[in-house]
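Residue numbering for the sequence shown follows my numbering, beginning at 1 and increasing consecutively.
Think of the hints as simulated: they come from the structure by calculation, not from any bench.
Please note: incorrect hints may appear among the correct ones.
What the hints assert, rightly or not - Cut-off 20 Å, straight-line C-alpha distance, at most; resulting in silico cross-link-like pairs (PhoX-like, lysine-lysine):
1) 102 / 112
2) 109 / 99
3) 98 / 114
4) 99 / 84
5) 102 / 114
6) 95 / 84
In this text, all values refer to a predicted model and were calculated from it rather than measured experimentally.
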Amino acid sequence: MELSPIDEDLIWEEVCGGQKKNRVYGKGAFFSSSIKSRTTSANSVSGRASINQNFVPDLREQIHNLNEELFQRVTQQTDERISKLLDTRLAPLEKTQKKLEKLERAIRKAKKEKLKQKR
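I would like the entire structure built from these sequences, with the hints used as guidance.
So this is what it looks like as structure tokens:
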């Protein structure tokens, strides 16, 4: 069995879900204008359908797996950035909070001493 050459544009069209309003999104205006003439001649090539039937699901699975991996990486990077940002923002706030607590203790102590002096 002789394999016909792989048409990357047809694969892209299949993966993207086919034509919508005579356009295949993601390839630009040049690609969408040549769809009609290319599609009619490509459909007459024997063996194309059987090759693409196996190839397209594999591509879809690969795309799905890559999207999942990308999502996990982006989520991890986002979590790391947020954690780092919180650490840099919280450290000065914690120092300020400790200073305020120290001042509150000093004020309470001063009030107690003042009350003792009045008695």
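Structure-based check of each hint:
no.	hint	verdict
1	102 / 112	15 Å, holds
2	109 / 99	15 Å, holds
3	98 / 114	24 Å, violated
4	99 / 84	23 Å, violated
5	102 / 114	18 Å, holds
6	95 / 84	17 Å, holds
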